[in-house]
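Residue numbers (the working numbering), protein chains in the order written: chain Y, 31 to 384; chain H, 31 to 384; chain E, 31 to 384; chain D, 31 to 384.
Honestly, the hints are just simulated from the structure, not real lab data.
Some hints could be false.
Heads up, the list lumps identical chains together, so a pair's fine if it works in one copy or across two of them.
Claimed, not checked - Derived lysine to any residue pairs resembling SDA-like cross-links, with alpha carbons at most 20 Å apart: (1) K310 x P85; (2) K281 x T199; (3) K70 x S319; (4) K281 x D200; (5) K281 x L198; (6) K76 x S319; (7) K33 x P88; (8) K105 x L292; (9) K281 x E318; (10) K76 x G213; (11) K242 x R351; (12) K310 x N320.
There are 4 protein chains.
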Amino acid sequence: MSKIPVAVLGATGNVGQRFVSLLQDHPTFEIAALTSSERKVGGHLKDFWRLEDVPLAPDVASIELQPLDVSVLRKHDIVAAFSALPAEIAVDVETNAAQSGVRIFSNASAHRMDADVPLLLPEVNPNHLPLVERQPSFREGGFVVTNPNCSITGLALPLKPLVDALDLTDVHVATYQALSGAGYPGVPSLDITANVVPFIESEEEKMRREAKKILGSMSDGILPSPIDVWANCARVAVRDGHLEAVSIPLKDDVPPREIARLLSSFRGEPHVQQLPTAPKQPVIVRAESNRPQPLLDLMAGEPARARGMAGTVGRIRVVGRVVRFFVLSHNTIRGGAGGSLLNAELAHRRGYLD
Amino acid sequence: MSKIPVAVLGATGNVGQRFVSLLQDHPTFEIAALTSSERKVGGHLKDFWRLEDVPLAPDVASIELQPLDVSVLRKHDIVAAFSALPAEIAVDVETNAAQSGVRIFSNASAHRMDADVPLLLPEVNPNHLPLVERQPSFREGGFVVTNPNCSITGLALPLKPLVDALDLTDVHVATYQALSGAGYPGVPSLDITANVVPFIESEEEKMRREAKKILGSMSDGILPSPIDVWANCARVAVRDGHLEAVSIPLKDDVPPREIARLLSSFRGEPHVQQLPTAPKQPVIVRAESNRPQPLLDLMAGEPARARGMAGTVGRIRVVGRVVRFFVLSHNTIRGGAGGSLLNAELAHRRGYLD
Amino acid sequence: MSKIPVAVLGATGNVGQRFVSLLQDHPTFEIAALTSSERKVGGHLKDFWRLEDVPLAPDVASIELQPLDVSVLRKHDIVAAFSALPAEIAVDVETNAAQSGVRIFSNASAHRMDADVPLLLPEVNPNHLPLVERQPSFREGGFVVTNPNCSITGLALPLKPLVDALDLTDVHVATYQALSGAGYPGVPSLDITANVVPFIESEEEKMRREAKKILGSMSDGILPSPIDVWANCARVAVRDGHLEAVSIPLKDDVPPREIARLLSSFRGEPHVQQLPTAPKQPVIVRAESNRPQPLLDLMAGEPARARGMAGTVGRIRVVGRVVRFFVLSHNTIRGGAGGSLLNAELAHRRGYLD
Amino acid sequence: MSKIPVAVLGATGNVGQRFVSLLQDHPTFEIAALTSSERKVGGHLKDFWRLEDVPLAPDVASIELQPLDVSVLRKHDIVAAFSALPAEIAVDVETNAAQSGVRIFSNASAHRMDADVPLLLPEVNPNHLPLVERQPSFREGGFVVTNPNCSITGLALPLKPLVDALDLTDVHVATYQALSGAGYPGVPSLDITANVVPFIESEEEKMRREAKKILGSMSDGILPSPIDVWANCARVAVRDGHLEAVSIPLKDDVPPREIARLLSSFRGEPHVQQLPTAPKQPVIVRAESNRPQPLLDLMAGEPARARGMAGTVGRIRVVGRVVRFFVLSHNTIRGGAGGSLLNAELAHRRGYLD
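Produce the complete structure using the sequences and hints provided.
Given below as structure tokens:
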């Protein structure tokens, strides 16, 4: 059976390159087109490649970068497109592509809060996927599915089993976010070398409102969750991997061992767990005194295809009805390209790509 | 009038060097002796100097390092000694020196929680100072005064006016702590380069228990404050300056402007504000969207002698009865040597060095 | 006597800010105008200030940024202007300003190799200054004087006494250049964090050709020096300070002590050494095994006004007729704004600003 | 056919861990014993694992760390041992082990300059290997083979074809060396964060004398090469990978294209090129303007088993009979564990392990 032809929109950025790296030898999808901004059109991805840990496959390296145009998608019979576009461009492009029948799996923030667009984390809210049927473009076969902001993705994975099992409403979190999250060229080195920058545009608001949607219940539309995520977001001089320090008041006494058990045993629904890019264990709990660390836990996740797809939690402490822990996740894999890829795998499994 | 002869105990470490830098041209105190660990005795501080931003005065550079011994303190008629000793050494040395009549101003954690030892932040709890009169050594003229842990120092400054004016009990905080806080050699570069380490031994416990003492009320001993500081502490690749992300549930609606006003207008008692090393404004509030930053706000504080003694708060936000902000303070000045020096100035002002 | 009114052209960049910091309390010059690129005109320097180690004086902070225009210079009776402009803009702007009678002291590379423009390092080639009299604009009172590229500046200081005393022609050098040398935003953090970039556009060529001019002899024009500087230039994750590793074949046996003596005793001519910003000792030689280091030796130079104006040499070794050493200099002070300021002081001393 | 049982001596250090990572699935060798310093004996390697990019195989993770003792080697029938010991321990231990019949492949500097010990780089001087037959222990079947210092390894690879083809004697080189080269804990973070340290104990001397031996000719013993390597060595805040800036005076005119051709076409002897860990192309030449970079070129080398075994050269320039280029190599793979492993493969191929 032949693979499904897909495109990567905005293939030369940090998340775009991650999409390409994950799609290079994917069992279901195959890259048929790569688009870029005007001035790179006609060039090749290898001239912009910055993923030091992943070799670019020769057949992908030789694909010519094309303009961001619905006609390009048509020419290559693109069934689904992965969008790593900037939000301001994504607004129209994604809608237009969907209306021409393409299934869009987007990392852009543009449509995340649209009422009929799923903000999807397959282990957390797979039941939100059918929202796509309410999109006007669905009649043409196209739709938009988004993955959440990288910081809330890493937090939502451990939050889901805790919210389900315990009585809690407020989540205080401070982030230590990696440079790759700001794109390229991104953060100037003079701003961040031997420094911390305690501000990331709109990040804290995104974390709060996206958490309410992801954890919201699905009825006639999504009913926002009562959970409030109170975030303080900062950039640190780390290349990849968002670390988050979490502090949650509980209404009952819960031993740390029980928190660890809830997190380690958390799994998505069986059909989610079988997706190619799904990590066997979405949240890994480490017992060491000084983990998770970006350098050491960045690529957590098994099997090989799911490296970087698991969150890692460590330093679980409960004192006086407040639970504290750290969680780390790969911001451009789990919190970006890998997240959207898993969304596409779920959509495929559920028949939405047929 | 001649200056008061003082010693620095443990003069070659990060905090010890800060003590020396602040005492070099102090109006009240003058360095009469410097002690070090055995293997450096006989050497000179200039061979160990690592404070790139402060030149070592020639007369101090030529003082010979001496062993840590009460007889050394006696020989130099030391009235007060600043201790930058490791906790395990400080336990006995500080007690012995106090019993021989020396006033100890210590950055070590050894005696911070002793019932009769003030854990002093002059702008916050100057009324705790008379606790020293209960120390057994006080009859000999000696006593021990401690300054709090560097991380809680930076937090306690903005917390004091908030606790006094508002109804709050829980303070969630995550720290971004500098390398100098771990001493020298301290953190191996392979552990922290392009990484974050989410663990600092005992730091989170210290923050909670020291906050309860600092903010506690003084009657017959100190009644611990009901404030609970829930900390997640991490080390980042910054040279100096602890940044802290704070999130505090309030029981009432308070506009951010009011928070800013409370913080900016916070002052110590008049006799505290006149001390040589006291910053004119203990908490500086910045309006920029991306401050405070370690590199830019590290040395906040006026006049010149108080550089590094002010905390800087920024990004004050209040949403849904939760106030969030960042605060930065210099960990080895305000949170170390400068803190103890200010304590000594207060003790001097109150007649405890006579 | 009133001070001479000067302007800083391109005041918001890294070197522009250094110009301002050095001119803030200068004994001879006073800032009368600051120019910036179009989009910052009307703003104030304080909104762009990034020099964490230097407070901006209130009177300078309140100067409105003005457009880069000869009429602006005229309006403020500008006698001399310090140029921190990008080369492509400097080409015309500097020439025009000179033709309107302004003395330009430029850090831009645009006119450095012009036959009638001095490439001036006061301790090294003060005799090149009269070249300005050959410039067409000199009749109007205006002229252009340039300071050399930051990397060759740091090298030329120790090279001068060696070239004068010893028989040598080839200088092999590798650089470890700071981030501030690339301007702001400059090097993306993703390129340089935990990395080295072995390329700086045109830097190696500039080092070779500028050395030939600086060390050239002055007769009827400048006769290029036979010295060949063979450079390998790289960027490292250091904020300020260019370190250079030097290896020079000698034709004779010279003990390292003699090299150290030549360097330490090097001085400019007496009238140069008395300039306000001239360091008492242009090249400081350190005996420690691990110096110079950017963090520790960056601000070398006395008196206070000359901090950052001295080069620091260390690790002098001579084996088999090859001398090796490291040299460090502050790239935006000695190798930028401070260098041009010293040039202006020399011109003033010689009567060229009357 | 069963694999050859080998031991790693000093398995918990940076190079020790690299030995283990490379031996984990080796076609010829299998790990039978791991030794460590006293205080780690009885523990397991997984508790010390710091190679973030390599998972530790479960069967290796469960091997108990044993004391450094000849009886341990005997008990496990160790044929060959890979030594990552500190030099001062290696002196005696390696000699004793060899005398008891074990073949030692050592990364330690202790025996590198011994007249009867090969300092082996298989692509460069495979003919030095028979020196082992002159070692007193050879009668017992044991011997010591060493790999060169990491910095000279990376330089010797491109130097060999140049020395063979061109007329040159002096090689000026400056290094940008990674943190992992200093072992663990190694360089304190306060020394190197946002800094460069221009000193690495004995490194420059090692580079000169080891180059003379590696490139020396073999007759009745090794006749040192006339090549002089003049090094300036510095440590930078890079995790892995030594970059070197090279400048070589030539006696003839040679176009850069010819230099590139000599380097790219350089190969070891056929039987060397077929060894499992030998890179297909020992020196890779890159044409980009800003390569090699540690982050991007660290793992150069094909096939998969030879990742990190190739040197990468870039920025070849020839001006006025001086050739300049940068070269990068992995200091703990090619310049450490991988180098010794390749030596062992060569010894095996030549029958020295029978």
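- [ ] Using 20 Å as the alpha carbon limit, work out where K76 and G213 are close: within a copy, between copies, both or neither.
- [x] within (17 Å within a copy, 28 Å between copies)
TODO: Evaluate K281 and E318 at a C-alpha cut-off of 20 Å and name the case that applies: within, between, both or neither.
DONE: neither (27 Å within a copy, 37 Å between copies)
Open item on the list: When Cα atoms must be at most 20 Å apart, do K242 and R351 count as within-copy, between-copy, both, or neither?
Closed with: This pair counts as between: shortest inter-copy Cα distance 18 Å, intra-copy 23 Å.
Open item on the list: With identical chains, the pair K76 and S319 could be close in the same copy or across copies; at 20 Å between alpha carbons, which is it: within, between, both, or neither?
Closed with: between (41 Å within a copy, 15 Å between copies)
Task: 20 Å Cα threshold - placement of P88 relative to K33 - done: within (18 Å within a copy, 35 Å between copies)
Open item on the list: Cα distance capped at 20 Å. Does K281 pair with D200 within a copy, between copies, both, or neither?
Closed with: Both ways: K281 and D200 sit 11 Å apart in one copy and 14 Å across, limit 20 Å.
Open item on the list: For K281 and T199, with the copy left unspecified, which applies at a CA distance of at most 20 Å: within, between, both, or neither?
Closed with: both (9 Å within a copy, 15 Å between copies)
Open item on the list: Cα distance capped at 20 Å. Does K310 pair with P85 within a copy, between copies, both, or neither?
Closed with: Result: close only across copies, 17 Å inter versus 25 Å intra.
Open item on the list: At most 20 Å between alpha carbons: which applies to K281 and L198, within, between, both or neither?
Closed with: Classified as both; 6 Å inside a copy, 17 Å across copies.
Open item on the list: Checking an output row: K105 and L292, CA cutoff 20 Å. Within, between, both or neither?
Closed with: Neither. Shortest intra-copy (48 Å) and inter-copy (45 Å) distances fail the 20 Å Cα cut-off.
TODO: Could you place K310 and N320 in one of the four classes (within, between, both, neither) given a Cα distance threshold of 20 Å?
DONE: Intra 24 Å, inter 39 Å, cutoff 20 Å: neither.
- [ ] Have a look at K70 and S319 and pick one of within, between, both or neither, based on CA distance no larger than 20 Å.
- [x] between (47 Å within a copy, 18 Å between copies)
In terms of the numbered hints stated before, the structure departs from hints 8, 9, 12, listed from lowest to highest.
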